Amino acid sequence: MHNEGIQKFILDRVPEAECVEGTQFLQVTIPSEKILPLASELKSNEATSFDFLFCLTGVDWPAHMEVVYHLKSTQHQHQLVLKAKINSRENPEVATVCHIWRTAELHEREAYELFGIKFLNHPDLRRLLLPDDWEGWPMRKDYDDPINMIAY
Amino acid sequence: MEEVTQELESKEYFINMGPQHPSTHGVLRLVLSLDGEIIKKVEPHLGYIHRSIEKMCEHDSYQQIVHLTDRMDYLSCHINNEAVCLAVEQALQLEVPDRVKVIRTIIDELTRLSSHQLWWGVMGMDLGAITTFLYGFRDREIITDIFEETCGARLTMNYNIPGGLFFDIHPNFQKRTKDFITYFRKKLPEYDTLLTNNVIFMQRMKGIGKLSKEDAISYGVTGPTGRASGFSCDVRKQHPYMAYDKVNFKEVLGTEGDCLARYKCRIAEMWESMSIIEQLIDNIPEGPVKVPTKAVIKLPKGEWYQKVETARGEFGVYIISEGQRSPYRLKFRSPGFSNLSALDHMARGCKIADLVAIMSTLDLVIPDIDR
Chain A
1 MHNEGIQKFI LDRVPEAECV EGTQFLQVTI PSEKILPLAS ELKSNEATSF
51 DFLFCLTGVD WPAHMEVVYH LKSTQHQHQL VLKAKINSRE NPEVATVCHI
101 WRTAELHERE AYELFGIKFL NHPDLRRLLL PDDWEGWPMR KDYDDPINMI
151 AY
Chain B
1 MEEVTQELES KEYFINMGPQ HPSTHGVLRL VLSLDGEIIK KVEPHLGYIH
51 RSIEKMCEHD SYQQIVHLTD RMDYLSCHIN NEAVCLAVEQ ALQLEVPDRV
101 KVIRTIIDEL TRLSSHQLWW GVMGMDLGAI TTFLYGFRDR EIITDIFEET
151 CGARLTMNYN IPGGLFFDIH PNFQKRTKDF ITYFRKKLPE YDTLLTNNVI
201 FMQRMKGIGK LSKEDAISYG VTGPTGRASG FSCDVRKQHP YMAYDKVNFK
251 EVLGTEGDCL ARYKCRIAEM WESMSIIEQL IDNIPEGPVK VPTKAVIKLP
301 KGEWYQKVET ARGEFGVYII SEGQRSPYRL KFRSPGFSNL SALDHMARGC
351 KIADLVAIMS TLDLVIPDID R
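If you read the protein sequences in the order shown, they are chains A and B. With our numbering, letter number 31 in the first sequence gets 31, and the count goes up by one each step, no holes. With our numbering, letter number 321 in the second sequence gets 321, and the count goes up by one each step, no holes.
Just chain B, with the same shape it has in the complex (with noise of 0.2 Å):
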């Protein structure tokens, strides 16, 4: 009998992930580049919601250009904004009234644990528990009836104005944010129980999607994603804005750089933003909430580069003025854009399934990377 030898063909092939798969969060493409189920490359195709936002912000005036912001990363609006006022402020040397930089740091830090729940929910989805989803959004939904109430919005809430805010807090602000935060500490430990220490979620971030303190630095990985590998680049350590330099929070600083690690720290954040707020809510100074500026702002001749942490990370403004209405060059540096240069590198070697780890553990925001 004749022997039949078969010889089987190997080669790498590509697949597309997205635009429209579930785990991007939004219209992001990835070119996988595959050999069986392992990534040998990702290339990121970008752009679907390109809206060219610095090129209108060279038309528009300064106080509009704050409302383009939180079109970009929608989940930290308030802090996008805050980066354009500080920044205008900055050039225009106005010192804002206490009362308003102690509001707007409480709102920041309600923000960041907004995205944070978000964050949770999703990503638990992402891996296949659809609890965490409801958890999440439940207890977020409570911070967006806040912001309603007293920004009179819930997504997109547009409260700071160059000089200040628009309007003061509603009466109940104070009451409700000491409330939320009386029941949200006593609904994180759920988390922890109903996430952290499952057995199979442990084993789909653990060792997962590593990236070295040195590497972070050299792709520019900031906030809870470069801090989770070690990389101090807290914002508000480093050039405290508005009122981080009165209170009391430590940096949370991760050492092993795997998913597991970016998990624990933005959990670990959200206790620091809970103890953040707890120091500012009862020490609202009185006073106004905004100087007068002027109707048409002009910038003097000069540049200026105004960095904030968001939830994602470092987000910078960087404006060239020639003393117009508008800037002569505006420049948006959006922490998603770097960090997600780094998921080629992070994500070499692993599974598909475990790029979605790697996905959501990055926490990409898609129009804050396409701008």
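Chain A extracted, bound-state conformation (with noise of 0.2 Å):
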């Protein structure tokens, strides 16, 4: 399927998904509470079919928080860069895609411990790389620890 057959495909279900054309891939951006139905229909539905959740990260924005999902489908090799937007920056929310795609579950872990996102229904949701006393979110832009950051 080609990137205005993919658009189609989620502003049938999500009108209001932004997509941006970008040098690689399409780039939709949609609220998170639809990342659920829409994640497992984009995985599931044949004309689709994206099975390969080959990244998943957190970017820490001024105002709002986002969840990039980047997507492959081994049987049509087609790609989408799919965008969860948090808008609660405090208290950022999202529904956890690891039943989906079994990968997301360590991702996911990675992107809680960095960001504070947490991923809702997540089994095992704990610190990954830090140790478990580790306070505060240190890949956001408003960290601050004077011991351990670098200083320019």
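These aren't lab readings, by the way, just hints derived from the structure by calculation. No experiment lies behind these values; they were computed from the predicted model shown. Where a beta carbon is used, it is the ideal one built from N, C-alpha and C, also for glycine. Hints are all accurate, no fakes.
Simulated coverage check for chain B against chain A, where a stretch passes if three residues somewhere in it have a Cβ under 8 Å from a Cβ of chain A:
(1) 50-61
(2) 230-243
(3) 298-309
(4) 315-324
(5) 329-336
Could you use the hints to bring the two separately framed chains together as a complex?
Spelled out as structure tokens, the structure:
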């Protein structure tokens, strides 16, 4: 399916989606509440069948948080960047996708500990790389740690 | 006489494997949940060498970021460097000279060969065969010597820069590489006679740690590990970069998805790598080895994702730029991280000794996972 087809597929299901044709991928931003039904549909529908989640990460923007899903279909070879926009920076929450793509389990744990994004219904949401008693969310732009930070 | 009956209690217990276990090849701690010797669950505990490279990148210039990448997967360092350089070149719309493309591809494949040689040696040692370690290192030494002569370093080479290469290849490079290929074409069959058809080895590998194609895709397992399960995921074929669209090679695919399939897949890849190098080594075009870039590289506003095929799988660099000298956000998608996530699924129901075999055939490099 071409990018126009994928764009139409998503707009039919989530009308408020913002689609941008990037240099490489089609980038689609949707509200974070809509991610779960759309993600399952993108995986299970024969026309799209995005079965390979090759990258999942969080991004901290000044006014909102974002979870970025890089998707690929091994059957059709098309790719898509899906972005879930979370409006709250204080208490960011988004539904987990780790029962759709199993690889998301570790990636979501990493995004949780670095950005403080809570993945609802995640089976085991704990810190992954940092010690269990670490305080704060280190990849956020406003994170300040005078002891461990590198000063520039 | 009174009969004594004694009920034996059985319960699940936990042991720590690592962080200093020899078979984890670095500091990875696995908490095993066991019933007797049968593994019920494997829980990886990461972060012993987490250096927050992604956070450091948010303050570094793009030239500096290149140098951080070979501290991740140090066995595929040249390929990691290349991923960042390609992303920057793509964002700046720089077209690198053909000479650079060919040299980068040759060194990529030499890196892959040396990584697979080390994997083969270490894997044999994990399973109790010390000879393989010596054989693997003997042959790998020749490649590191070639690297030393051309790049100035043996392990973390830093030969790539955004826009090309640091300097031209050494005059001896072509001859030594050709000599090495001739030598290694004779030596690689020895690897097979030494290990591949050994009865003990086969029993430790066959049918152990199975991973189906669907699970490989769902867990995001790439590289030789994913291809052994039949998941066609070779970035060199699907999204060719540098000179990979000009050479003939075949993507090695397995069907079984067990340890033996992963082993055979890597051995077959070594043959393919040698064939790629042979096709290119006599055809290095003349010309400059870099295009000039500004001293301070500022990428335009936007985002780029560049994937390359390292010895372990798909390595991705995701750069979000706001037009500054440093990226706003930079994410490394490391192959080891996703491959490790499938370990629990593969090891359930196996014995502890099998876990060692599974770990070896996953070919994990821990700094690549922790970043």
